[in-house]
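Use these hints to put chain B onto chain A, whose structure you have.
Okay, here's what each chain looks like letter by letter:
There are 2 protein chains.
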Amino acid sequence: MHALKVTRAEDFPEWYQAIVREADLAELSPTRGCMIIKPWGYGIWERIQDEMDRRIKASGCENYYFPMMIPLSFIAKEAEHVEGFAKEMAVVTHHRLKAIDGVLKPDPEAELAEPLILRPTSETIIGDAFSRWVKSYRDLPLKLNQWANIVRWEMRTRMFLRTAEFLWQEGHTAHADEAGAVEETMRALEMYRSFAEEVLALPVIAGEKPEHERFPGAVSTFSIEAMMQDGKALQAGTSHNLGTHFAEAQNIRYQDSGGGISLAHTTSWGVSTRLIGGVIMTHGDDDGLRTPPAVAPHQVVIVPMVRGKPEDAQLIAYCDVLAQETASRQCFGSRVRVHVDKKDSRPADKRWDWVRRGAPIICEIGPRDMAADKVTFFRRDRLRVDGRPSAATLDQAEFVLGLDRLLPEIQNALFAEAKHRMESNIRGGFAAFSDLEDYFGEDQDSQFKGWARVHWSRPSGKALDEVEARLKALKLTIRNAPLQQPNTFGKCVFSGAPAVEEILVARAY
Amino acid sequence: MHALKVTRAEDFPEWYQAIVREADLAELSPTRGCMIIKPWGYGIWERIQDEMDRRIKASGCENYYFPMMIPLSFIAKEAEHVEGFAKEMAVVTHHRLKAIDGVLKPDPEAELAEPLILRPTSETIIGDAFSRWVKSYRDLPLKLNQWANIVRWEMRTRMFLRTAEFLWQEGHTAHADEAGAVEETMRALEMYRSFAEEVLALPVIAGEKPEHERFPGAVSTFSIEAMMQDGKALQAGTSHNLGTHFAEAQNIRYQDSGGGISLAHTTSWGVSTRLIGGVIMTHGDDDGLRTPPAVAPHQVVIVPMVRGKPEDAQLIAYCDVLAQETASRQCFGSRVRVHVDKKDSRPADKRWDWVRRGAPIICEIGPRDMAADKVTFFRRDRLRVDGRPSAATLDQAEFVLGLDRLLPEIQNALFAEAKHRMESNIRGGFAAFSDLEDYFGEDQDSQFKGWARVHWSRPSGKALDEVEARLKALKLTIRNAPLQQPNTFGKCVFSGAPAVEEILVARAY
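Chains A and B, in that order, are what the protein sequence lines are.
Residues in the first sequence are numbered consecutively from 201, following this note's numbering.
Residues in the second sequence are numbered consecutively from 201, following this note's numbering.
It cannot be assumed that every hint is accurate.
[Said to hold, decoys possible] Each computed SDA-like pair below joins lysine to any residue, with the alpha-carbon atoms no more than 20 Å apart:
| id | chain 1 | residue 1 | chain 2 | residue 2 |
| --- | --- | --- | --- | --- |
| 1 | A | LYS675 | A | ASP638 |
| 2 | A | LYS277 | B | LYS305 |
| 3 | A | LYS298 | B | GLU354 |
| 4 | B | LYS649 | B | LEU664 |
| 5 | B | LYS305 | A | ALA286 |
| 6 | B | LYS257 | A | ASP250 |
| 7 | A | LYS550 | B | GLU262 |
| 8 | B | LYS335 | A | SER545 |
| 9 | B | LYS335 | A | ARG352 |
| 10 | B | LYS298 | A | ALA313 |
| 11 | B | LYS343 | A | GLU227 |
| 12 | B | LYS205 | B | ASP430 |
| 13 | B | LYS305 | A | LYS550 |
| 14 | B | LYS509 | B | GLN524 |
| 15 | A | LYS675 | A | GLN647 |
| 16 | A | LYS542 | B | LYS675 |
| 17 | B | LYS550 | A | GLY260 |
| 18 | B | LYS298 | A | GLU314 |
| 19 | A | LYS335 | B | LYS542 |
| 20 | B | LYS305 | A | ARG352 |
| 21 | A | LYS542 | A | ARG568 |
| 22 | A | LYS542 | B | GLU262 |
| 23 | B | LYS543 | A | GLY380 |
| 24 | A | LYS672 | A | ARG621 |
| 25 | B | LYS675 | B | SER634 |
| 26 | B | LYS277 | A | ARG296 |
| 27 | B | LYS432 | B | GLN647 |
| 28 | B | LYS691 | B | SER660 |
[What the hints assert, rightly or not] Where chain A lies over chain B, by a calculated footprint (3+ residues, C-beta under 8 Å):
| id | segment |
| --- | --- |
| 29 | 286-295 |
| 30 | 310-322 |
No lab work stands behind these hints, which were simulated from the structure alone.
Cβ atoms here follow ideal geometry from the backbone N, Cα and C, with glycine treated the same way.
Same shape as in the complex, but just chain A (with noise of 0.2 Å):
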């Protein structure tokens, strides 16, 4: 008996919808393929956004804020020089509602006289500022990052995953040549890696992508992928150096010392919610999430073992109490949260929603608890022992003095789990094409894969189409080419040529 309906082994799609409802992480709105971003989700999200924000400005960003409105000639200017240029995009074309026969409609004497565009990227309109801002290498590198909302039409769509509107941050900087850009995406990669490692306790193979995974106009794209518990991989944060390919439809040029003028180089890079659902899928179980301590919004979360008698006041007294010593001390850098749970419920079913939402550390305390100075408390990331909840008791000073070690103990175990897996599951050796057919192609649904790890000899144009279209026959996808190689190569393995490269290939969100 497990806390959610459906596990992981059963169904892992039905398994995931199940921890998104039962955590109250967030539920579909109203609005076609958008969600509802619920507390504890949107909890994580703000703790997401603390930790990043800071690494971002350290790095000598500043946040900007953008109209989410970009003019559709912006888009149109971009469609012109990139190839690729996905065209699925909310558009606003009018500016007013009118009662026609009764029926609030679009007024058509509203209709703007050029479309607007809700952003799907910012590059154009940040570009835009980028030309009138850029005049001198004096102002270069400029580095700036925007908080914000984007939208981009999918037609299906997964909670954090895909949907229609979502919440991301992008940064976007300006150099003077290739040197500063290559710097700034190697140096924005290397931030999501140790941030999603050490905050999100998800480990990640960071690298580049083939070319034809980069992002339209992009010199280079680089990703961090993660690995899922059904073997997929997970994109979880991307960093594009874009050459002078923008400046150039964009106009950025700038000065140079000499006097002569030059073009800029530009990078842009980003993450998304979409990490919340890498969390998920990297760190929930059977009984529901298991939240990396560093990015709870509650770490400690206290249940008093009400009765519905006069002595709960007291035991309420003694949780409070309890709960001041735990926010007095500090943890990853900021005090410790800590929440009481008083609703109006009965204790058990608190336990387990706390436990389906994954607060890290999981109290209950009870008369005898109060009685003998003791905290009892359940570590959501070992919760079971024998299939059963298994709880710790410690003196009360004793639990609130060790929270500074037992949080990140907490977090480091996750991290090990979820890194041994992946690191398991990483499977090389693959001689020939037929090798990866052998593997991913028998029972595909059924059993677990994870990733192979291949040579290849970085075919381009019309090769790499057909690497890509026979690795869609097994539904496998190229992730990247870490950054850490080996010193040799053996074959490629789809065109039996030397390989000069080692690849990820995995099925993937």
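For chain B alone, coordinates are given in the frame of chain A:
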């Protein structure tokens, strides 16, 4: 000579545009009616968010995120129930672009079955969620908040004060009964009053809006009103008791403890980036902004007076140490925010940049300061003595140790100055409407006019329309009926009937 090209006395609206530009707070964007918020402006907003969010959470609200796009049917339902519902809204009608004869256009085949409205406020979509979430009296009160971007199609825009897109927070709550909703409405109002006064140093008058200025569908609307330096009022925050009107339209019903079904009572309340406009027009002077220390992105700015000589490195090192010492101090509940300006430009230009932006304390550190372990600094709130910028010099240790007294002193000085101005410019003693005409009717645009405090009989319906029209002829509006009322009332200035209330009448933004 002042740092801005135009003074308040010469042309207040022009001065406002100049300060927004010269303090680098924001600029107009290529999207009509929308602005780009730049780091100094956005940094103020980040401080507002932090401080307000803490207060909102302390009141028991939790943060959610709802879709920005709202189905037209939700708006239509609201429009049926609510008179005076504004219809200037951005309407999304298509979800794809297509190149037609070489021109990128909304794809006629991708027209939405139901248009989507960009949220002008979120009562409709949040109320719909309330109707699903509120089942029993145990679910009440339900208190939530959202930080979001908002779109209202404004024809005449002014940066921060009125733009097509702006940023805000909107609180939405549901309660079991009227008392709960009234209490929440007043709590939010008081939160806004104390926030404005304590954090933004904006003195305000809290009070109730007259009937015709209520939020459409509200039982009562309350506001805080701040006096700008041109005497006009700025509505700086609103709180609405929506009674059961929205619950009826949206079917928000709950089972009470006796088993009966009751309608919930709802409230909503919000403040926006408009507050930054209020800060500018309250604290700005002819040299630029004077940013209240509690919300200044940098509270202390250090300008090393480098001369392009080898000693510069040592000077910058001294400034870095000073910054470290400064950042180790606490003020307003967090570390002092300090910035060393190492930009490649003339030190004198940097000083004036920070004067225009209104950094509360601007240090100019030269070789002599370094040699004597001193700090030379300007207080931005009283920059000039006899018309000339006037600096003070202190021992480094004294300067650093005194910061937790000096920053609040600057904050308080700004508040005291604004409060004095507001209080000396609210004028009573208007016995009849002709007195108002005498005061406000002549030299309307050349002379400073504050607010009038007048007694009225609180007319309704057509009588109120008439009052509104008479005031409008003087370019006046009713701001609110202050919470603090006298014990007795004279005659209504509009009708001569016995008055029941005192109201504030003013020109307004």
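Practice problem: Given the hint that LYS675 of chain A pairs with ASP638 of chain A, test it: the Cα-Cα distance must not exceed 20 Å. | Solution: 13 Å, holds
Practice problem: With a cut-off of 20 Å on the C-alpha distance, tell me whether LYS550 of chain B and GLY260 of chain A pass. | Solution: 18 Å, holds
Quiz item: Regarding the pair LYS305 of chain B and ALA286 of chain A, is the alpha-carbon distance no greater than 20 Å?
Solution: It holds: about 13 Å lies between the C-alpha atoms, which stays within 20 Å.
Quiz item: When you check the alpha-carbon spacing of LYS298 of chain B and GLU314 of chain A, does it fall within 20 Å?
Solution: 15 Å, holds
Quiz item: Does GLU354 of chain B lie within 20 Å of LYS298 of chain A when you go C-alpha to C-alpha?
Solution: 16 Å, holds
Quiz item: Between LYS691 of chain B and SER660 of chain B, is the straight-line Cα distance small enough, at 20 Å or below?
Solution: 16 Å, holds
Exercise. Given the hint that LYS542 of chain A pairs with LYS675 of chain B, test it: the Cα-Cα distance must not exceed 20 Å.
Key: 53 Å, violated
Quiz item: At a Cβ distance under 8 Å, does chain A reach at least three residues of the segment 310-322 of chain B?
Solution: holds (count 4)
Practice problem: Given the hint that LYS305 of chain B pairs with LYS550 of chain A, test it: the Cα-Cα distance must not exceed 20 Å. | Solution: With Cα atoms ~53 Å apart, LYS305 of chain B and LYS550 of chain A exceed 20 Å; violated.
Exercise. Mind checking the alpha carbons of LYS550 of chain A and GLU262 of chain B for me, to see if they're no more than 20 Å apart?
Key: Given pair LYS550 of chain A, GLU262 of chain B holds - Cα atoms ~18 Å apart, limit 20 Å.
Quiz item: Given the proposed pairing of LYS672 of chain A with ARG621 of chain A, does the C-alpha separation stay at or below 20 Å?
Solution: Not OK: LYS672 of chain A and ARG621 of chain A at ~25 Å, beyond 20 Å, violated.
Practice problem: Starting from LYS649 of chain B, check that the Cα of LEU664 of chain B is at most 20 Å away, please. | Solution: Distance ~24 Å between LYS649 of chain B and LEU664 of chain B Cα, so the pair is violated.
In terms of the numbered hints stated before, the structure departs from hints 4, 9, 13, 14, 16, 24, listed from lowest to highest.
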